[in-house]
Amino acid sequence: MYLDHAATAPPRREVLEAMWPWLTQHFGNPASHHEYGEVAKIALDDARAKIAALLGVHGAEIIFTSGGTEADNLAVKGIALADQERKHLIVSAIEHPAVLEAAHWLERFGYEVTELEVGQTGLISPESLAQALQPDTCLVSIQYANNEVGTIQPIAELAQVARQNSTWFHTDAVQAAGWLDLNVSNLGVDALAISGHKLGTPKGIGLLYLNRRLEFEPLIHGGGQQDGARSGTENVAGAVGLATALGLRAELGDQAARLSGLRDEFICQVEALGAELTGDRTARLPNNASFVFPGRSGESVLVDLAARGIVCSSGSACAAGSDEPSHVLTAMGFDRTLAQSAVRFTFDETFTEEALAEVVAALTLICG
Amino acid sequence: MTEIAPSVYLDHAATTSMWPEAVEVMQQEFLRTGNPSSLHEAGRRARRVVEESRELIAERLGARPSEVVFCSGGTEANNLAIKGLYWARRSANPLRNRVLFSSIEHHALLDPVTWLAAHEQARIDVTPVDQQGRIRLDALSEAIDSNPADVAAITTMWANNEMGTIQPVREVVELARAHQIPVHSDAVQAAGYLELDFAGTGLDAMTVTAHKLGGPVGVGALVIRRELDATPLLHGGGQERDLRSGTVGAALVAGFATALDLTVQHQSESGPRIEALRDRLVRGIERVVPEAIINGDPETGPGHRLPNIAHVTFPGCEGDALLMLLDAQGVQVSTGSACQAGVPQPSHVLLAMGFGDAAARGSLRFSLGHTSTAADVDRLLELLPAVCERARAAGLVRSRTS
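Chains A and B, in that order, are what the protein sequence lines are.
FYI, my numbering numbers position 209 of the first sequence as 209, with every residue one higher than the one before it.
FYI, my numbering numbers position 276 of the second sequence as 276, with every residue one higher than the one before it.
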């Protein structure tokens, strides 16, 4: 049983089928000015238009990237480096490393980075953001939903606070995409990053929405593809796959509500075994249930679950194998030992009552 | 979706169709899941695929597995190489602010280098090329000697993408070695047809991309010596020995490894076969369009010209007109790099080689590949005289009306 969808989701059949022709017979380079190129370009433009419609933005505002990490890097570095006047950035302390590391890298160029503290459930209050803003803050980057604990931030309110300061707002929506509203006007953000492989595409494709009014510095220079925003031969199959995957997720309908109900039931039963919920109880991704198991090692719980055929993780896959406790949990006030007892379950809409019962039974044996 | 009629694809240097075996390997990987960084079985399996692919690629390129850094393709690898080396070498010693590169580099190096000059106070030293498009070692040597201590990096492509001219990479390395200056080479076009012995050449970094070899778009590698310090372009999870963060897709790298492996395996057979086709094409053009001028190194073989590329000037014709007329007949060619197609500017490569504006605009690049046949070449030759005539007539009309 695979319960690590936040690390990566299995590619979906419909997505692979949509990609197939672009991996086989229609292999042209969209920059080529002959029929093979034109056909590829039409597919690329079509994928861009579909995604733009889902986000409620213009096609020209969608930049395809190699994934979420590149999209986050492009947003943070690209926006900051283009703003030579204002050299202060705000990120939350619980951002994915793709944002945190990108922001701190800018320090070598004289930028100053404020890491915004979060509450015990990982929430960021608009008031604390307002206090942290400076006249020279060029960018705020706060994730839409956290990858480890599933906490959903009040993005629209936070973006509003930034806007009042004329500060650009980027959100890492890698975990939120597929579950939460991605309409950019509703959110009021200037940049938003999405990764395909968390939504059912193969790895190697992602996108950044970037407000057209924004000046930014590209990270990858070259042939000038994508209006110069991101050079490099476009991955047509990947773009088609991403458009398909986002379209499928938009049709989820009441699955998210059903899953939230199941998630709450699961949380309730796991808490009864002595585990402690991490993250917010209500402002929470429908597919995330994460805990600490006081007095245990998260790693041993994982091993015991794996022995029973249940696959989950301690947190971010990127940090897997490291002895350091999660920076997300420590920022939320957990001590190191408790943070090292973390176990994260992330499922998708195929999760059922039966699966829930099986995991709870396994945990009962392990924790008993 | 428009259906493409059976056609003659002579633009393999822009991108080429995938090896069926590479498609198959990717298909298998697509159906599995797992993040290579995850510790559980699905993750470990994905990691195994990535590491086995890395080993195979390293072996085929004469490098060590730890020297292969996966990324999204040639453009990213070139950006990482030149910016990464510049930043790292300059932080180690602020005097090192000069980048030496040749006048015929691909835009994926020309543009990042230009950016370094505009934003990072880099000084650019452009090494000229001769009429065949080969870097002038005397000029490079002089440029280095003018002040070896301030050179951050040297980059020189292995074989040019428009002309196919093979560059004296080993000699460049020799010149640089005396001063311990790192040398990077863009081997994107060379990888399909030349034996790339990374260790043997003494290079410090080398770019390769999958989709020019019959692998997928979206994956490539920077081969870079372990002891060399380079600043990453993408920060985050710290994948690829911290040089390139981001989840690497097992399917993409497996497709890449399979394509490179097949390419290298078939090289001794496909190289001469494609070279014979290219010579048939060149001789044919000389016969059917006698005024055409064949560009680049007239000699073939290792050290001279890639076996799959022919670059030809058609006097009095616009390359764009030729391209469109041929395309309408189902023959795909290029006026140069796909990355600059549509930009109504003569190629910087041709200008660097001393072409005039008109000649530079009146040229076509024919590039063959693993699926090319004699019938493809003959079809082109059959169409070419009439196409040239029409393009010339169109050119005359335009010059009269403008």
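Some hints here could point you the wrong way.
[Claimed, not checked] Using 25 Å as the maximum straight-line C-alpha spacing, the simulated DMTMM-like pairs for lysine to aspartate or glutamate come out as follows:
(1) A/K87 with B/E120
(2) A/K41 with B/E120
(3) A/K41 with B/D320
(4) A/K41 with B/E318
(5) A/K41 with A/D335
(6) A/K87 with A/E251
[What the hints assert, rightly or not] Here are some chain B residues pointing at chain A (derived, C-beta under 8 Å):
(7) N78
(8) L228
(9) G301
(10) G303
(11) A375
Please keep in mind that the hints were generated in silico from the structure rather than gathered at the bench.
Where a beta carbon is used, it is the ideal one built from N, C-alpha and C, also for glycine.
Tested hints:
Only pairs whose Cα atoms come within 25 Å are accepted, and A/K87 paired with B/E120 is accepted, the gap being roughly 17 Å. The straight-line distance between the Cα atoms of A/K41 and B/E120 is roughly 34 Å, outside the 25 Å bound, and the hint therefore fails. For the hint linking A/K41 to B/D320, the alpha-carbon distance of about 18 Å falls within 25 Å, and the restraint holds. Pair hint A/K41 plus B/E318 holds up; C-alpha atoms about 23 Å apart against a cutoff of 25 Å.
Distance check on the hinted pair: A/K41 and A/D335 sit about 52 Å apart at the alpha-carbon level, beyond 25 Å; violated. The suggested pairing of A/K87 with A/E251 is violated, with an alpha-carbon distance near 41 Å, which exceeds 25 Å. For B/N78, the interface hint holds, since its Cβ comes within 8 Å of a Cβ in chain A; the closest pair sits about 7 Å apart. The restraint placing B/L228 at the interface with chain A is violated, with a minimum CB-CB distance near 19 Å, outside the 8 Å limit.
Against a cut-off of 8 Å between C-beta atoms, the interface hint on B/G301 is violated, since the closest Cβ of chain A lies about 28 Å away. Hint status for B/G303: violated, given a least beta-carbon distance of 27 Å to chain A, over 8 Å. The criterion of a C-beta within 8 Å of any C-beta in chain A is not met by B/A375, whose closest approach is roughly 18 Å, and the hint is violated.
Comparing the model with each numbered hint stated earlier shows that hints 2, 5, 6, 8, 9, 10 and 11 do not hold.
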